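Residues per chain, in single letters:
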Amino acid sequence: MMTVALMVPCYIDVFFPRVGIATLELLEKLGVDVVYPKDQTCCGQPMANSGCYEEARATEEHCARVFGSFDCVVTPSGSCTHHIRNKFTAGADSPEKQKLVRNTYDLVEFLYDVLKIREFPWATFAQKIALHTSCSAIRGLNMASMSERVHDPVFSKPQALLSGVSGVQVVEFERVDECCGFGGTFAATEEAISAKMGYDKLAFMRKATPDCIVSSDMSCLMHLQGCARRQQQDIPFYHLAEVLNGVSV
Amino acid sequence: MSRPVDQAKNAETFLADTVHEERLDKVLWAMRMKRDAAARQVPEWEDLRTLASDIKEHTLSNLSDYLIQFEASATANGMIVHWARDAHEHNQIVYDILAGQGANTLVKSKSMLTEECELRPFLERRGIRVTETDLGERIQQLDDQPPSHIVGPAFHKTTQDVAILFSQKYGSDPENEDAPYLAGVMREHTRPDILNAPAGMTGANFVVAETGAIVVATNEGNADLSANTPPLHICSVGIEKIIPTTESLAVFIRLLARSAVGETITQYTSTFRGPRKGATMHVILVDNGRSARLGMKRFWHSLKCIRCAACMNTCPVYRRSGGLSYGATYMGPIGIIMMPTFEIRKYSELPFASTLNGSCTNVCPVKIDIHEQIYGWREVMEDNGQIQIVKKAAMRVADKVLSHPALYRMATTSVSTALEVLPHFAIYNRLNAWGKHRDVPEAAAETFHEWHRAHRPKDDEVVGA
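If you're matching them up, the sequences are chains A and B in order.
Throughout, the working numbering is defined as the position within the first sequence, counted from one, plus 72.
Throughout, the working numbering is defined as the position within the second sequence, counted from one, plus 33.
In short, the hints are calculated from the structure, not lab data.
Since the structure is predicted, the reported quantities are computational estimates derived from the model, not experimental observations.
Hints may contain errors.
To be verified - Pairwise CB distance ranges (calculated): (1) B:Ala478 / A:Pro308: 10 to 20 Å; (2) A:Glu246 / B:Ile101: 46 to 56 Å; (3) A:Phe227 / B:Gln178: 37 to 47 Å; (4) A:Ile189 / B:Arg489: 19 to 29 Å; (5) B:Gly328 / A:Phe276: 41 to 51 Å; (6) A:Gln241 / B:Glu77: 29 to 39 Å.
To be verified - Covered stretches of chain A, as calculated for chain B (at least 3 residues, CB under 8 Å): (7) 211-219; (8) 256-262.
To be verified - Okay, derived cross-link-like pairs now, DSSO-like style, lysine-lysine, Cα gap no bigger than 30 Å in a straight line: (9) A:Lys229 / A:Lys200; (10) B:Lys59 / A:Lys279; (11) A:Lys101 / B:Lys491; (12) B:Lys400 / B:Lys337; (13) A:Lys171 / A:Lys101; (14) B:Lys59 / A:Lys200; (15) B:Lys379 / B:Lys337; (16) A:Lys279 / B:Lys67; (17) A:Lys110 / B:Lys425; (18) B:Lys330 / A:Lys171; (19) B:Lys469 / A:Lys279; (20) B:Lys42 / B:Lys469; (21) A:Lys229 / B:Lys67; (22) A:Lys171 / B:Lys433; (23) B:Lys491 / A:Lys110; (24) B:Lys42 / B:Lys425; (25) B:Lys337 / B:Lys59; (26) B:Lys379 / B:Lys42; (27) A:Lys171 / B:Lys491; (28) A:Lys101 / A:Lys200; (29) B:Lys469 / B:Lys433; (30) B:Lys433 / A:Lys110; (31) B:Lys400 / A:Lys229; (32) A:Lys171 / A:Lys229; (33) A:Lys171 / A:Lys188.
Glycine included, C-beta positions come from ideal geometry on N, C-alpha and C.
One chain only, chain A, in its complex shape (with noise of 0.2 Å):
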C-alpha cells in the first residue's frame, strides 16, 4: 500500500473543508494510505504570486519541513501543485524542498498518471457538468489540451475521470480554455476585470444549460460561486474529488 501525505490547500480547509474530506474519503476507497501532516499551512503562493516572494520564504520553507519527507503529496489542487513544482523559489534550497518538489501531485495527476484509475463504480451522477479546468492545470501542468497549440491532439484528464462516473454527461461551452478570471490576488487587484471574467465564463457556461459546474481547482470555483452568488443564480459547484467520490446531488 502506498502512503501518500494529503495537502489540504488553506482556503479548502477554511471555506470548503468538504473537498477536503471528499479527497481523503476518495483516496481511502482507492486503498492508499494517506496520512494527514496537521503542521501544515499553506504552500506561500499568495505572496509570491504578489511578487512578495521574501515574504513568502517562511511559509514555503515550512511547507517544506512539513512534506519534505514524503514520498508523495497529494493536493486537491492544480494551482498549488503548479506553484510547488514550478515556482518553490521563495525559500533556501534543501534536500527537503527538492523532494516535495519532485513529488508533489495534484488530485488529477495522481489519479490519472500515477494510479492509472479509470472507474470510479462507486459513483452515480446523473448531472449534465460544465467543466472547467484551471490555467495552472491546463497550462502550467498539462492536465488537458491547451486551444492555442492548435495541432496537439485534444485530451483533458479531468474529463477523462469523469467519464469513469456513472451517469455524468459533460457540455460543451464556448471559449473553454479561457481564463475565469480568479488569478490569485488579482481577484483582488484588478476586482473589477476579474468579476467581468468570472461573468462572463459563466455566461457562456449557462448557454450549455448544465446543472452543475465543476472543477479540479476550488479557488476558481470560489471565484465563479462568488460571481454567480452576486448574481442570483443558484447552480451548485462541485470539486471534481466530491464527484469521483460519490457526492450524492
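Position chain B relative to chain A; hints supplied.
Quick look at chain B alone, frame taken from chain A:
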C-alpha cells in the same frame, strides 16, 4: 518621477461602458479564432515558431555584428544610415533631415517606434505638420489619443465613434457608419497630403542584414504611398528588428499575418532596397533602451517580439480593459514586460494586470515566455521597492501566520477570525475588493483540520518532519 499608471482603475472605467467593452472583446476574440484557423492550416506551425525564436535569439546574441553588416549593405544600396541612442536623438535626426530639405510637412505610416519616441509632438512643436496615413492611426491622431492596440490603433472605437469624429473633423455624414464610406472620407482628405508631401516616413517590420533591405508589412498600402510618393523617405527602426537573411525573412512573413489577424499574408509586404531614382532614403537605427534590455538576463527575450499583437488578442484582461488603460506605448501582455524597462516606477503596477494564465505565451509566434516574464517582473517590483507598503505589510502578516502552525490554527479555528485573516491575502489594498462584484465565501462550520481531528483521531498523531 511619474506616478504609477493605475491600469485597474482605467480598466474599470472602460468596463463600465459595456458597448465598447463587449465589442472589443468580440472583435479581438474573433481575431484569435482566425489566428487558430490560420495556424491549423500550417502543419509545421510549432516548428516555425521554434525556428523563428531560434533565429531571433541568434540574431540578438550577435546583434552588433548584424547591425554593422546591415549598415554596410544599406549604405552600399544608397541609403543613409543613422544611429540614435535614445528617443531624443532619434527625433532630432528626423528633424534635422526634414529641416535640411526645407520640409514642413510629413506623411507617415504607422510606426510604434515613433510613438515610443513621441516623434509627432516633437516635430509639431517645431512647426512640422504630420499626417498619419494608416486609417486607425489617423483616427487616433484626429481624436488626440495614442493607439490602443499595436496592429489596430483604433480597435477600441466603434464605427459610430468614427462617423462622429470624422463629421467633426472632416464634415462628413455623422449618421453614415458604413466602414468603406468612412475609409473613403479619410482617403479623400489624406491623399492630397500624400501627393504634396516633401517627405514620407515609415517604420519597419524587419530589416535584413545580408541585403540591407527594409521590409514593411501593411494592409492599406499606405506605407508604400508614404515611402514612394515624396522625394524623401525616412525609415525608423528599432535595432531588435534586424534579421540575418532573406531566407530567414520567409519564416517571419509566414508567421506575422497569421498570428496578427489570421491571414496568410498582409495585403502589402514591401521591400525597400534603396532610394528611388532622384530620391533620398534615410534609415535610423534606434536603441532607446534596447541594448540595456538585452543585458537583462531574465527579460531580454522580449526583444524577440515582432509586434503581431496575438498576445493582446488572446489576453482576457486586455480584451476587457482596452489598450488605453495601460497608459503605455506597448500594451497588453507584451507591454507589461516591455514598459518597465523604459520607466520602472510609472509601469510598476502593470505586471499585476495579468492572471498569469499563459495563453499569451502559447500564441506568441517567437515563443516569448510572456507570462513567466510577467511573474518575474512582479519580483523585480518587490526588489525595487515598488510594491505598496500596505500590501507588503499584509503579506508579511500572512507569512508570519502561515509559517507558524499554531498561529494558523488560532487564526482559522474561530470562524470570525478566519474571515478576518484569510481574505486579507485578497483585500490588502482595495478594501473589500473581493466583495464588490462577488459574494464572499462563507467559512464552514468546522475547518478540515477540525473535522480530521474528530473523524480520524488515530491518524492525528502523524506529524511531518
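For the pair we were handed, lysine 491 of chain B and lysine 110 of chain A, check the Cα-Cα distance against 30 Å. Holds - the C-alpha atoms of lysine 110 of chain A and lysine 491 of chain B are around 12 Å apart, at most 30 Å.
Does lysine 67 of chain B lie within 30 Å of lysine 229 of chain A when you go C-alpha to C-alpha? At roughly 27 Å apart (the allowed maximum being 30 Å), lysine 67 of chain B and lysine 229 of chain A satisfy the hint.
Given hint lysine 469 of chain B paired with lysine 42 of chain B - CA-CA distance at most 30 Å: 14 Å, holds
So if I understand the rule, the pair passes when the alpha-carbon distance is 30 Å or less; does lysine 101 of chain A with lysine 200 of chain A pass? 25 Å, holds
Decide if the proposed pair is consistent with the structure: lysine 101 of chain A and lysine 491 of chain B, CA atoms, cutoff 30 Å inclusive. 18 Å, holds
Okay, the segment 211-219 of chain A and chain B, do three or more residues pass the C-beta test at under 8 Å? Since 4 is at least three, the answer is holds.
Is the hinted pair lysine 279 of chain A and lysine 67 of chain B satisfied, with a Cα-Cα distance of at most 30 Å? 23 Å, holds
Given hint lysine 110 of chain A paired with lysine 433 of chain B - CA-CA distance at most 30 Å: Distance of about 18 Å is within 30 Å: holds.
For a C-alpha distance cap of 30 Å, please report whether lysine 337 of chain B and lysine 59 of chain B respect it. 28 Å, holds
Is lysine 171 of chain A within 30 Å of lysine 188 of chain A, Cα to Cα? 22 Å, holds
Lysine 171 of chain A paired with lysine 229 of chain A [C-alpha distance capped at 30 Å]: 25 Å, holds
Lysine 229 of chain A paired with lysine 200 of chain A [C-alpha distance capped at 30 Å]: Answer holds: lysine 229 of chain A to lysine 200 of chain A is near 18 Å, not above 30 Å.
Comparing the model with each earlier hint shows no violations; every hint is respected.
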